[in-house]
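Chain by chain, the residues:
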Amino acid sequence: MKEYPSDQDYKSIVEEKYGRDKAQSFFRRHSHVLVHSGETEDLANLTRRIYLGYDRTTSLKEDVLEKDKRKKATAFIFETESEEEDLVQDLERTINTDYQYNENKELEVQSVASTDNGFDINLQYEDRSPSRRPLQNTQTRSITVSLTQTDDEEVWQGTQEYRYADEFNAASDFFDDWESKRLKERKPSIKRINFNLETIPAEDSVEMFNTFLQDAPSEWRFEQVRELGIKQKGETGGVLEKEEAEFEEEGEIEEELDEQLRGITDAVFKGSGLRENQFVQDCLDSGFYFNSVRALFDGLDSTDSIEVELQFKQNPKTTFDLSIVEEYERRDDGYEPGNLGPDKRENTRKEFRSSIVDLYGEYTDRESLIQNQYGDELTQFNGITENNVDQLHDLGIETPQDLYDADPETLVEEVDNIGETRAEDLTEESIEN
Amino acid sequence: MGEEVRNTGNRAEDRLIALLQEFNWEYIGGGRDIECASRKHDRDEHGIDGYMAYEDPYLSAERGVIVESKSKQWESWGPSSLQSDAKQVRTALECSTRSEDFDEKLNNYENRRRDTAILGAFTNDDEYDHETFQAYVESCKVKRGGGPSHILILGNRELNRLASIQNKYREIKETHTEGEDIVEADLDFYYPSLQEPRAAPKRRDTISFEYLFSDYVYAKLQKTELNGTDTDTTDVSIVFNSAGIDQDSLEFLYYSLRDNDGLDTDEVWVYSYLPNGGENADETYDSAVDSLENILPPDKEFRFSELPQVEYKSYAEDLTED
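In order, the protein sequences belong to chains F and X. When the letters of the first sequence are read in order and numbered with numbering that gives the first Met the number 0, they come out as residues 0 to 432. When the letters of the second sequence are read in order and numbered with numbering that gives the first Met the number 0, they come out as residues 0 to 321.
Derived from the structure by calculation, the hints contain no laboratory data. Treat the hints loosely; a few may be bogus.
Said to hold, decoys possible - Per the computed footprint, the stretches of chain X lying under chain F, defined by three or more beta-carbons under 8 Å from a beta-carbon of chain F, are:
(1) 200-213
(2) 231-243
Said to hold, decoys possible - Selected chain F positions facing chain X (in silico; Cβ < 10 Å):
(3) 1
(4) 23
(5) 33
(6) 36
(7) 47
(8) 50
(9) 53
(10) 143
(11) 425
(12) 429
(13) 430
Here the structure is a predicted model, which is why all the values come from computation and not from measurement. C-beta atoms are modelled at their ideal positions from N, C-alpha and C, and glycine is treated no differently.
Chain F with its partners taken away, still in its complex shape (with noise of 0.2 Å):
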């Protein structure tokens, strides 16, 4: 390192990279530091104040360098009308032209490939941001995104394996850049729908991980309950005073969740026991939803066994991650370090992350969760504010095709804030005067 980091540097790759558990552990390590906090931001805020030296910033880097075993890998809904062939053939199209999905990453599409039940995008970017330089290496990477066709013939599931934060966001600039560019070139819309625990009723993703924890696939028999997340419904804040004063905040809640552990694992072993659990119910009778779980699995046909962590997160990310955070061998007196190796770390994850996607298919109701993102969606453009949404709403503008073929005057006199040019820049038709 011929320069020292700035204090963006020190944050970004605390939040992009390093995330809360591990800077906590950190902090705990090296400056004798607790930092209790339920936000990634707080830790990499605490980076920007103090000035580390050699050692621990080198050891900073090589922990995040080393995170190759907690490979993430998260799924998405992609909804289009087109057929497999015309979307094949509009991504290859862009290949080897100047065309990039995003000019700050020089995000391009580098192949497409068929696959048994729909097709790989490969992409490749620059990993990139001048203001971590000095921590982060500049580097070109590559990222494969696979969508299947399901059942339902306008419904493909999409997956991704991602380590860093940057490549999921790169995945996500592509989807985003790819509608925008179809809707221009008035092509049928496509659509990525993330995952959001938020939409599927507490008590229903309750069931969703009680029946993710029993079924676990094939070979592994679920054991034992290792954590649960939990998270306060946004929108139930003041409704439920009485019963905050109770868990007045998700780390206390988390406190108590540590000694009820045992008790939840008993209860998924007994069937559909989970909702029954007194503790359970008495976090969703509090507004508390289950946001993430982290459970010890053991191989029937090996003397393997995992730690398997399934991860619902809202912003900015909306998605779930899954990843096995623990690998284990067992003997006779107990369980030791043990490794699985890339192809069955690779097999398992997948089928672990199959399994969650069927059952998020199951529990939630898709048309509403349509219906939620394009209220997000429209915010994505420029110039339009929450604030505009609704008043959009009004005049029959819900998705992105509607504001594209909307009438500018229209936008212009009923929508706040929106003068004549960016009237006619989301239009892309001008205004005669």
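Fit chain X to the given chain F structure using the hints.
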């Protein structure tokens, strides 16, 4: 017996408060019980031994800090005893932000950021073992929700380190800012600028909470001296270095100064803390300093020295008697 233990606790508390006061933190109050405002804490009250505040270089408001100190024999420290002390401090801190009682009795309704506490965990016999203590700290639980609440645990080594930094800082102040030949002089801790959200560089005579565990602590000295009938002004950048002194470490330290506006001075003084008495330290230091020859700008004077060590307990006890 109970009485005696409590006394030890108070003396330990006095020492830690004296150390922080010497860093220009203000002692606001302490020795009070405040009502618990959380049912999860399993108690009616929290004892607050010390509450201090300092003017934070990067915050618009002051920062209020709960300061708690324990003094025990080595054999009484262990994972569960440290965890239980750390939890006690954490819950007290949590209630300090939500208990009306705290605002009334201690904070006087002032607007202060309250997300920080310090736990002095002092071993009062000769058995302290740093690596073992390190393991005790690592076994302490951190919550993954709420917050942020920061709890800094200071064992003997860290207390010695902070006392040594302060001792040197004070010595520089006495030697270079107070004297017959000095026309004008300032010594301050130096806080570099930050990007997004931007913060301008600051000079303060107060140490920040973060500097208590920062590998580098920067300071700046400016003095104008009489030289015959003329005056000479000298600017000095000072670094208290608690990271290593091998070549990579010192090179990195140099970059940190260069990239944080620490080289706009005539001289640079680096004081490195070498906790293990610095066996072979002189040699390591010398060869690392030699190897920096091609990197250091020739027009500046660089002085690398070992930070003289003081023993926290006697140092802080002297402070309490002042």
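Structure-based check of each hint:
no., hint, in the structure
1, 200-213, "holds (count 5)"
2, 231-243, "holds (count 4)"
3, 1, "holds (7 Å)"
4, 23, "holds (5 Å)"
5, 33, "holds (4 Å)"
6, 36, "holds (4 Å)"
7, 47, "holds (6 Å)"
8, 50, "holds (4 Å)"
9, 53, "holds (4 Å)"
10, 143, "violated (32 Å)"
11, 425, "violated (29 Å)"
12, 429, "violated (38 Å)"
13, 430, "violated (37 Å)"
In this structure, the hints that do not hold are numbers 10, 11, 12, 13, in rising order.
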